[in-house]
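Following the hints, complete the assembly by docking chain X onto the known chain A.
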Amino acid sequence: MKTSEFAADALPPLSAGAERGRGRRAPGALVRSLRTGAPVLPFLIYVFLGLGIPALVIVDLAFRTKAGQFTMANVHAITSGGQYLAGFETSLKLAFVASVIPGVLGTLLAYAISTSRHETLKRLVASASGVLANFGGVNLAFMFVATIGAGAGVVTSWLARVGFNPWDHGFNLYKLSGVALVYMYFQVPLMMLVVTPALHGLRPAWREAAENLGASTWYYWRYVGIPVILPSVIASMFLLFGFGFSAYATAEALTGGSIALTPIQIGAFLNGNVIAGQENVGYALGLGMIVLLLISVTGYAFLQRRSSRWLR
Amino acid sequence: MAALATTEGLFDFDEPLATAAPSGGRRRRIRWGRGAILTLAAAYFLLPMYAALKFSLQDINGHFSLSPVAAIPSQPGLGSAFFLSLRLATVTMVLTMLLMVPTVIYVHLKLPRFRRVMDVITIMPIVIPPIVLILGVLHVAPLWLKSSPYLLSLVYVILAMPFVYRSLDAGLGALDVKTLVEASRSLGAGWIATMWRVIVPNLRAALLSASVLTLALVLGEFTMASLDLWETLPVWIVDFDQTNAHISTAVAMLSLIATWLLLTLIVSLDRSHSRRHRRNRAS
Chain A
1 MKTSEFAADA LPPLSAGAER GRGRRAPGAL VRSLRTGAPV LPFLIYVFLG LGIPALVIVD
61 LAFRTKAGQF TMANVHAITS GGQYLAGFET SLKLAFVASV IPGVLGTLLA YAISTSRHET
121 LKRLVASASG VLANFGGVNL AFMFVATIGA GAGVVTSWLA RVGFNPWDHG FNLYKLSGVA
181 LVYMYFQVPL MMLVVTPALH GLRPAWREAA ENLGASTWYY WRYVGIPVIL PSVIASMFLL
241 FGFGFSAYAT AEALTGGSIA LTPIQIGAFL NGNVIAGQEN VGYALGLGMI VLLLISVTGY
301 AFLQRRSSRW LR
Chain X
313 MAALATTEGL FDFDEPLATA APSGGRRRRI RWGRGAILTL AAAYFLLPMY AALKFSLQDI
373 NGHFSLSPVA AIPSQPGLGS AFFLSLRLAT VTMVLTMLLM VPTVIYVHLK LPRFRRVMDV
433 ITIMPIVIPP IVLILGVLHV APLWLKSSPY LLSLVYVILA MPFVYRSLDA GLGALDVKTL
493 VEASRSLGAG WIATMWRVIV PNLRAALLSA SVLTLALVLG EFTMASLDLW ETLPVWIVDF
553 DQTNAHISTA VAMLSLIATW LLLTLIVSLD RSHSRRHRRN RAS
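Heads up: the protein sequence lines correspond to chains A and X, in order.
Per my numbering, the very first residue in the first sequence carries number 1; after that it's consecutive.
Per my numbering, the very first residue in the second sequence carries number 313; after that it's consecutive.
Just to be clear, a hint being listed does not mean it is correct.
[As the list claims (entries may be wrong)] Straight-line alpha carbon distances no greater than 27 Å define the calculated BS3-like cross-link-like pairs of lysine-lysine that follow: (1) X:Lys366 - A:Lys66; (2) X:Lys366 - A:Lys175; (3) X:Lys422 - X:Lys490; (4) A:Lys175 - A:Lys93.
Hint data in this document are derived by calculation from the structure and do not stem from the laboratory.
Just chain A, same shape as in the assembly (with noise of 0.2 Å):
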């Protein structure tokens, strides 16, 4: 019921409009209500200008040809197979690779980190996961490449030394695998970022609860801890996995397009890399990864308001 609301409100000021007059009954409480109203218009203009029109404009040119005719030839030229349906299948298994590995590991992380006693620790790493966060694009993929790169990366020839190579034994860092390796690299900061509120609402006296009732560690986390925090993560993981399908810098500049990926698609749309009578495709392309990126998000949302009911 909470989901079909919230796409109900996918249209921010149009739906804010009806959100305020809902419930009022006389036509002067409505003038009230508008006044009342009033000092929140600069946000929703703001808003829709900023984002409420340049995605309206994405989704009508996804359904017009370059010379303005309505067509479905687009959204036909993405759903009926072929390299662009590849692209959202790629897309959606790298995202969900880094989503959920970065997501475990983040809280883990998260949490060993939120527990120990040192300050200045806490304060490089808090600083450290928002700056993170926002790295990627061509010097994240350097950093791999000069890392575990197939001929000179250090760690590659420390392993080599050892007669490990990694690249001997599968490991391809332009591949899936390794794009979802290198995309770690903002991910686990993110959901550290994301997860580390909901740990603040593991209230210490619930623990103290349930070992006088006896409860081992175990216990604790299978029956008190993990069900707490579970829907948090798992909302946190949403919100990655849309980050992760978003990502176009550095992946482009890792595989220079070699793996077939939604955004590097948009992004060769852009650079004017189009077959004639297919110009359009790319605002088609758009429209596809928004629909994915409003079913990820009201995951989240949904999954947040649960996990409300405990946190604060």
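Same frame as chain A, but now just chain X:
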């Protein structure tokens, strides 16, 4: 859904966590587990930095040398790219604060029912990927705006919104805003004085984490800047990579580490400030 990057919690080190001090062997086991996780994470995050530094700090013969760092200030275009990024970051921060702080405070005070709608609106920037958003923005923006770099600032405000809103929302949620405002108003303060001298100081931690995240976002953003054809610092680093990869990598590492230390400094300054505050209150 109050918890998308409510960095409030991340920067708040006083809150105790659920670790009812276990005794003896169990504590040792937990410490081992934590040590293993931290070591693994440190290796994963620091080794690439080490590798990149090792690559950048080389002379022509491949020996260790600081000459690439010494050569940084004299590189063409770097200065203007750096100042462009700095200007964009400043404008973005000012715009974000002007737009978000009054709105979020107002919603908390007068329109609590509207918070659910705000939750939904502010999550929307995540639904539209940056590469798609810039596609739409470049399509609709008027020419005079497209010829200005500050178009990027306008869009960065949108990009930062999910983090900024949640940070402010959590910060306000922890305050008793209504009482603060009533007290201030009944003592004769106007609205502006109330905002500036009562609410904003109380929101310091939330404002701090919001601006830290905005700063990190603007200084690191590449996709939109490059598609809008402006040479910000990240774009310069990529372009210059063709000319001299050693220097370009040195700049990239330097800017990463400098941003990190700067943010640590900001966070630490706030900590020492509030600690002094608390001591004064206690005595």
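Unmet hints by their number, sorted upward, for this structure: 1
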